[in-house]
Amino acid sequence: MSYIKPKLLKGFRDLLPEEAIIQKEFFKVISEVFESFGFSPIDTPALEYYDILTGKGGGENEKLMYRFNDNGGRDVGMRYDLTVPLARFIGLNQNELNFPFRRYHIAPVWRAENTQKGRYREFYQCDCDIVGSDSYLADSEILMLMDSVLNRMDIKDYEIRINDRNILEDLFKLLEIKEDKIISFATLMDKKDKMSESVFKEKSLEFLKDNEKHKQFLDFLSCDSLDSLDEFFKDTKVYENTSIYIRRLKDTFSICKENGKGNNISYCPFIIRGLDYYTGIVFETVLKDSLSYGAVFSGGRYDKLAGMFSKNADYSCVGASIGISRLISALKERGFFEKDKVCVADILIMNMDKRYHGKYINIANVLRDNCLKVEVYLNDDKLKKQFKFASKNGYSFSIIAGEDELANDIVKVKSLKAFEENEMKIDDLVGFFKNTL
RNA sequence: GUGAGAGUAGCUCAGUUGGCAGAGCACCGGAUUGUGGUUCCGGUGGUCGCGGGUUCGACCCCCGUCUUUCACCCCA
Numbered sequence: 005m006s007y008i009k010p011k012l013l014k015g016f017r018d019l020l021p022e023e024a025i026i027q028k029e030f031f032k033v034i035s036e037v038f039e040s041f042g043f044s045p046i047d048t049p050a051l052e053y054y055d056i057l058t059g060k061g062g063g064e065n066e067k068l069m070y071r072f073n074d075n076g077g078r079d080v081g082m083r084y085d086l087t088v089p090l091a092r093f094i095g096l097n098q099n100e101l102n103f104p105f106r107r108y109h110i111a112p113v114w115r116a117e118n119t120q121k122g123r124y125r126e127f128y129q130c131d132c133d134i135v136g137s138d139s140y141l142a143d144s145e146i147l148m149l150m151d152s153v154l155n156r157m158d159i160k161d162y163e164i165r166i167n168d169r170n171i172l173e174d175l176f177k178l179l180e181i182k183e184d185k186i187i188s189f190a191t192l193m194d195k196k197d198k199m200s201e202s203v204f205k206e207k208s209l210e211f212l213k214d215n216e217k218h219k220q221f222l223d224f225l226s227c228d229s230l231d232s233l234d235e236f237f238k239d240t241k242v243y244e245n246t247s248i249y250i251r252r253l254k255d256t257f258s259i260c261k262e263n264g265k266g267n268n269i270s271y272c273p274f275i276i277r278g279l280d281y282y283t284g285i286v287f288e289t290v291l292k293d294s295l296s297y298g299a300v301f302s303g304g305r306y307d308k309l310a311g312m313f314s315k316n317a318d319y320s321c322v323g324a325s326i327g328i329s330r331l332i333s334a335l336k337e338r339g340f341f342e343k344d345k346v347c348v349a350d351i352l353i354m355n356m357d358k359r360y361h362g363k364y365i366n367i368a369n370v371l372r373d374n375c376l377k378v379e380v381y382l383n384d385d386k387l388k389k390q391f392k393f394a395s396k397n398g399y400s401f402s403i404i405a406g407e408d409e410l411a412n413d414i415v416k417v418k419s420l421k422a423f424e425e426n427e428m429k430i431d432d433l434v435g436f437f438k439n440t441l
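Numbering of the first sequence is given in this note's numbering, commencing with residue 5 and proceeding in unit increments.
Careful: at least some of the hints might be erroneous.
Here are the simulated distance ranges between beta carbons [unchecked claim]: (1) Ser229 with Ser200: 23 to 29 Å; (2) Glu163 with Ser40: 19 to 25 Å; (3) Lys198 with Asn99: 45 to 51 Å; (4) Phe16 with Ser247: 45 to 51 Å; (5) Lys388 with Asp18: 29 to 35 Å.
Simulated crosslink set (DSBU-like; lysine-lysine; CA at most 35 Å straight-line) [to be verified]: (6) Lys388 with Lys438; (7) Lys67 with Lys196; (8) Lys308 with Lys238; (9) Lys389 with Lys429; (10) Lys14 with Lys195; (11) Lys213 with Lys160; (12) Lys196 with Lys121; (13) Lys315 with Lys28; (14) Lys388 with Lys416; (15) Lys28 with Lys261; (16) Lys121 with Lys160.
If you are wondering where the hints come from, they were derived from the structure by calculation, not from laboratory data. We put the CB at the ideal spot given by N, CA and C, even for glycine.
Just need the whole structure built from these sequences, with the hints factored in.
And the structure:
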């Protein structure tokens with residue numbers, strides 16, 4: 005055979021068991037919480053027609069998408085998020101669905117952007133969305149779900165920051181920012197956390213030019229609660245409209261609070277999110293000790309997107325997405341995962357002699373039938389080597405059954421963590437491991 | 001897409017002015033043929049990312065390229 009040098013594409017990676025085990029554990033927790041809120045799983049293809057994926061107005065996004073012609077000459081792209089495919093899914097399957105529809109989707113997405121810390125070209129997203137409800141209760145459910153997921157992951161130092169697009173639009177009106185300047189102004193606001201206060205003030209003044217407007221803007225940014233926000237808008241010309249959305253946020257927030265889920269949720273005036281499709285509440289989650297990783301769990305309300313794929317219906321949607329690859333990177337850097345498990349099995353049966361191979365498999369299968377994770381050592385190696393293998397893989401126990409033991413229908417069970425060894429009847433193994441592991 | 005740093009054994013990295021390719025860990029074997037966290041002894045392992053150039057001679061200097069890290073742009 006000729007040698008082929010193994011290599012990976014930029015931004016793509018292998019997951020070794022150690023990391024894949026962690027990821028799978030996260031997926032399990034996430035889907036359990038999603039399902040506890042009544043979200044059902046769906047799946048959609050990795051490839052879609054290119055014009056479907058860009059339907060909401062390409063721009064920058066087009067550069068970030070993997071795009072090619074398939075063997076039939078079709079213009080296709082790999083999905084770069086799970087939200088646009090959801091909108092397409094809704095349009096295509098609306099007759100089969102019962103609205104309001106709650107779905108979740110855990111799957112990889114692809115973005116041809118340059119790599120960076122915790123950012124890859126292929127990564128997993130875990131999305132949950134409610135389609136077909138414009139109620140503030142749907143917003144609350146999503147926020148409470150986010151809080152539950154983070155709690156279940158045992159993450160303590162997170163902050164869910166919320167804002168509302170409508171309020172921002174009123175702010176822009178108030179500051180008399182012209183339509184064509186809104187994007188660059190919003191981008192500046194979005195980056196507030198990345199620069200020093202004085203630089204930010206300088207840049208925003210440069211933008212607004214007018215000292216009075218600038219002061220007003222800074223007043224807005226100092227709103228750290230919905231009450232102060234209300235106070236800020238109270239005597240302005242846009243208040244009639246803004247107050248509706250402040251009221252809505254208050255209602256949304258108090259549902260969370262009344263149910264003990266509001267402690268890590270706060271109003272944040274400079275949360276913007278991407279400009280493409282959000283129409284109402286927006287939110288981001290940051291880890292206070294890992295701010296450089298950016299938002300790890302975010303989303304918002306988008307009431308127009310799904311309607312693009314439907315002739316005669318509009319679907320109000322609200323949802324959130326966890327960037328699980330980035331979250332794991334951040335947690336890993338912080339030593340969140342104490343002992344790295346490199347193998348899922350808990351028990352290794354030592355291979356003492358070919359004569360007993362059948363017996364080993366038999367013992368293993370009985371344990372396996374009881375949902376225990378068991379391996380039999382396959383090669384006829386020295387015991388020393390088998391133990392070395394065992395401690396490297398991190399099993400909790402090994403079972404030694406040689407001539408002496410099997411003659412008496414017993415085995416030795418050795419705790420690999422405690423360096424202790426006990427004799428035990430074969431029939432007692434299931435009970436012992438069920439109690440111990 | 002832009003800018004800067006890095007790429008030498010499986011891993012982490014040394015490598016003098018441009019003059020024979022190194023260490024630790026890991027791996028394999030032995031001390032120890034039924035017992036893994038320690039010890040001791042021995043051994044395997046490199047096209048110095050790849051391609052070109054300069055030079056008597058290149059891991060070292062130059063150009064290109066790929067990968068990677070960090071930052072920018074962007075982040076649905």
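Hints, one by one, checked against the model:
1. Take serine 229 and serine 200: their Cβ atoms lie about 24 Å apart, and the range 23 to 29 Å holds.
2. One distance hint, 19 to 25 Å for the beta-carbon pair glutamate 163 and serine 40, holds here, with the actual separation near 23 Å.
3. Between lysine 198 and asparagine 99 the Cβ separation comes to about 46 Å, which falls inside the hinted range of 45 to 51 Å.
4. Checked against the hint of 45 to 51 Å, the pair phenylalanine 16 and serine 247 passes, with Cβ atoms roughly 49 Å apart.
5. Checked against the hint of 29 to 35 Å, the pair lysine 388 and aspartate 18 passes, with Cβ atoms roughly 31 Å apart.
6. For the given pair, lysine 388 sits about 28 Å from lysine 438 by alpha-carbon distance, which is consistent with the 35 Å threshold.
7. With a C-alpha separation of about 26 Å, the suggested pair lysine 67 and lysine 196 falls inside the 35 Å cut-off, and the hint holds.
8. Simply put, lysine 308 and lysine 238 have alpha-carbon atoms about 29 Å apart, close enough for the 35 Å limit, and the pair holds.
9. Among the hinted pairs, lysine 389 with lysine 429 is consistent with the structure: their alpha-carbon atoms are about 26 Å apart, no more than 35 Å.
10. At most 35 Å may separate the alpha-carbon atoms for a hinted pair to count; lysine 14 and lysine 195 meet this at roughly 27 Å.
11. A threshold of 35 Å between alpha carbons decides the hint, and for lysine 213 with lysine 160 the separation of about 41 Å lies outside it, so the pair is violated.
12. At most 35 Å may separate the alpha-carbon atoms for a hinted pair to count; lysine 196 and lysine 121 meet this at roughly 20 Å.
13. A hinted pair counts as satisfied when its Cα atoms are at most 35 Å apart, and lysine 315 with lysine 28 does not qualify at roughly 39 Å.
14. With a C-alpha separation of about 16 Å, the suggested pair lysine 388 and lysine 416 falls inside the 35 Å cut-off, and the hint holds.
15. For the hint linking lysine 28 to lysine 261, the alpha-carbon distance of about 31 Å falls within 35 Å, and the restraint holds.
16. Taking the CA atoms of lysine 121 and lysine 160, the gap is about 22 Å. The hint holds against a cut of 35 Å.
In this structure, the hints that do not hold are numbers 11 and 13, in rising order.
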